[in-house]
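There are 2 protein chains.
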Amino acid sequence: MIQSKEHLLVIDADSRSSGWLVEHFAAQGFEVTAAATPESCAEMPANQRPDVIIGDLMPEGVAWLTDFLEPFEPRPPVVVLTNPISTDHILETLRAGAADVVSKVALDITALDEALARQLERVRLFKQSKRYRQDLERTVSEFKYNLDELRADQRAGRQVQMKMLPEKGLRFGKISIDHCIKPSLYLSGDFFDYYHIDQHRVGFYFADVSGHGASSAFVTVLLKNLSNRLQRNIRRQSSDDILHPERLLARVNSELLETDLGKHLTMFAGIIDTEKRMLTYSVGAHYPMPVFCDGKDCSFLEGRGAPVGLMAQAHYKTFERPLPPGFSIIIVSDGLFEVLDAPSLDAKEALMLERVRSSGHTIGELESVFQLDALSEIPDDIAIVSITETLV
Amino acid sequence: MIQSKEHLLVIDADSRSSGWLVEHFAAQGFEVTAAATPESCAEMPANQRPDVIIGDLMPEGVAWLTDFLEPFEPRPPVVVLTNPISTDHILETLRAGAADVVSKVALDITALDEALARQLERVRLFKQSKRYRQDLERTVSEFKYNLDELRADQRAGRQVQMKMLPEKGLRFGKISIDHCIKPSLYLSGDFFDYYHIDQHRVGFYFADVSGHGASSAFVTVLLKNLSNRLQRNIRRQSSDDILHPERLLARVNSELLETDLGKHLTMFAGIIDTEKRMLTYSVGAHYPMPVFCDGKDCSFLEGRGAPVGLMAQAHYKTFERPLPPGFSIIIVSDGLFEVLDAPSLDAKEALMLERVRSSGHTIGELESVFQLDALSEIPDDIAIVSITETLV
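In order, the protein sequence lines correspond to chains A and B.
Its first residue numbered 28, the first sequence is counted upward by one per residue in our numbering.
Its first residue numbered 28, the second sequence is counted upward by one per residue in our numbering.
Keep in mind that the hints were calculated from the coordinates and are not lab data.
C-beta: ideal position from N, C-alpha, C; glycine also.
Not one of these hints is a red herring.
Restraint ranges, calculated between C-beta atoms of paired labels, are given here: (1) A:Glu381 to B:Glu176: 32 to 38 Å; (2) A:Glu381 to B:Arg165: 36 to 42 Å; (3) B:Phe327 to A:Gly196: 47 to 53 Å; (4) B:Asn173 to A:Met338: 36 to 42 Å; (5) A:Val132 to B:Leu152: 31 to 37 Å; (6) B:Leu337 to A:Arg263: 19 to 25 Å; (7) A:Arg151 to B:Tyr159: 18 to 24 Å; (8) B:Ser403 to A:Gly387: 56 to 62 Å; (9) B:Leu378 to A:Asp175: 30 to 36 Å; (10) B:Glu404 to A:Lys154: 32 to 38 Å; (11) B:Ala54 to A:Glu70: 43 to 49 Å; (12) A:Phe95 to B:Ala374: 55 to 61 Å; (13) A:Ala144 to B:Met85: 20 to 26 Å.
Based on the sequences and whatever the hints tell you, model everything.
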């Protein structure tokens, strides 16, 4: 940065004394302007405003300058060089707004230079702080621009992702399925879908992609696309993979490995058959396991299986659970465990069961019992799917 | 915000005068502390530092205070209340660092209050500016945290996306295919792939998803997955859609509509058959059309077709172009046109042809002739794929 010279204004009606002062300060490297009267300040262009004024001034002149300089930022301090005729004269000069007073009689150059140095120090501090403030303001507006741009991008991504989720509060006969999803950032690596298969069967899956944000959200697009294709295939009677949770997991596993995104996921997939009164499901390392409530008690479903998209040779088993009337199934992502206040995973599981037992199983009731609305920060994506059968 | 009281320190060895001053300022709402000597300042806790000091002080006392207060920020100004025995005495007091001097003899209360007001105004401005600066600093660090978080997220997404692109500089016999991609943000809506089909056939496609950033990048995952599946199908001999560019476009069209992301794209897909010496291609509203160079001249390929993912009833035609020895095909996204300096689309097309004619057709040469490295801002994603046949 080119530091422009500091600018002094010398006001002195005596041209000899004025000339001497100009020379003295110019020799020190200052840019010096001379004026005969304070009023000539008024004609000075804004970009030539002095940093400090040194003047042989009477109190009235000082008062005029003080008024005139009032709106300036920074306000140039006025050092008065005067013949101190009396103590009252000096006090009056100070009261008029002089920043300092130095005797012009038998002029002590050191005293004058020191007075100037004291005022310049203040002016420099002010300017420095102003420059720093302006730098900060520039940084804030630049960061804000970049943030707005990235946030708009993520919001657009989020809208697309939300479009892929099933409708909230769907009913399939007596079965109600509902969900909530709280991404840690804008985009989520948690994903789920549920769909009508035929008059007595409903399919659903729940996946939690490793990581979170944009890179994980990519994988959810694949999931949606694959489950769409499998649903289409059964309508066209070209494949019934969608009826077999273990095949759905195997398909996701192989397509994920083939697309080679470097991402894997945990998954739970199930089919509810209201005619056979049976839940058939398959587990791809999903944790925590879904909670199953039979109308009397709630417990975690049994079963295990490998993560999806890690190993080509992964095989998935099918598990079954008979469906008592009025059953419910609560599936959550492990993001929920990160906000459950318990010291260990076992304790978190116990706490989750306790909360689910103590509450109704609509999404609203679950959000409330897990206090999801009170979360100020969400370390990992949180999603809940609730499947309930009404008795009436 | 609770504005704490401003704090004055009164230094006066005369307890009657000190008591009177304390009472006077306390009545105005200030918090006032009294001390008998300047040195007692040294024992004052940091959080009880005065905003302004008013003291009956000799020049030596002022000088001591000036030294002592030097490191304070802000430095409390010292208003000296004194018996002005001589003009020299006042000037000496000022030289010692007093901010103002008021006569204690026949004390003019208004003069004292005015002197205090002048100093307080400076102190308040300083504090206000410091608070503002601190607010700015907090905002900067908060914005930086959020930016870092979002950027890390986008970078992770970008890594996944880059993994989906084909290797740079692939060779299929005498055919070399290479590319470059410059996203406007981190994630790109431009996507392409090229792949070996059999000994004499190479397939490729180039797509530009509407919009840019995360939401558009989602769609590129679908494209990659679909083309992977079609390549797998031909290996398994279950479908030869991948050999027919018009079927590839139709498949993308229907899957995009089915997945219902609210996104469409423009696309160009082709098959190079080096045995039949024929390029077969299909166009999904891709613009600008690829440039075809036959070793003598370069021109845009002919053909048109509907955007992909907008209309269920879209049908795509096949076009053919014989392949002379040493041909090349340059495919770009319309993001390139946004940085070509020409007044109309026609002029941009002419400029593009001119540049391609004037240059070699490796990616390095094309990046250089289009000055892609010199771009300071990229309004829309830019991608170039270059397919060239070597003669030797």
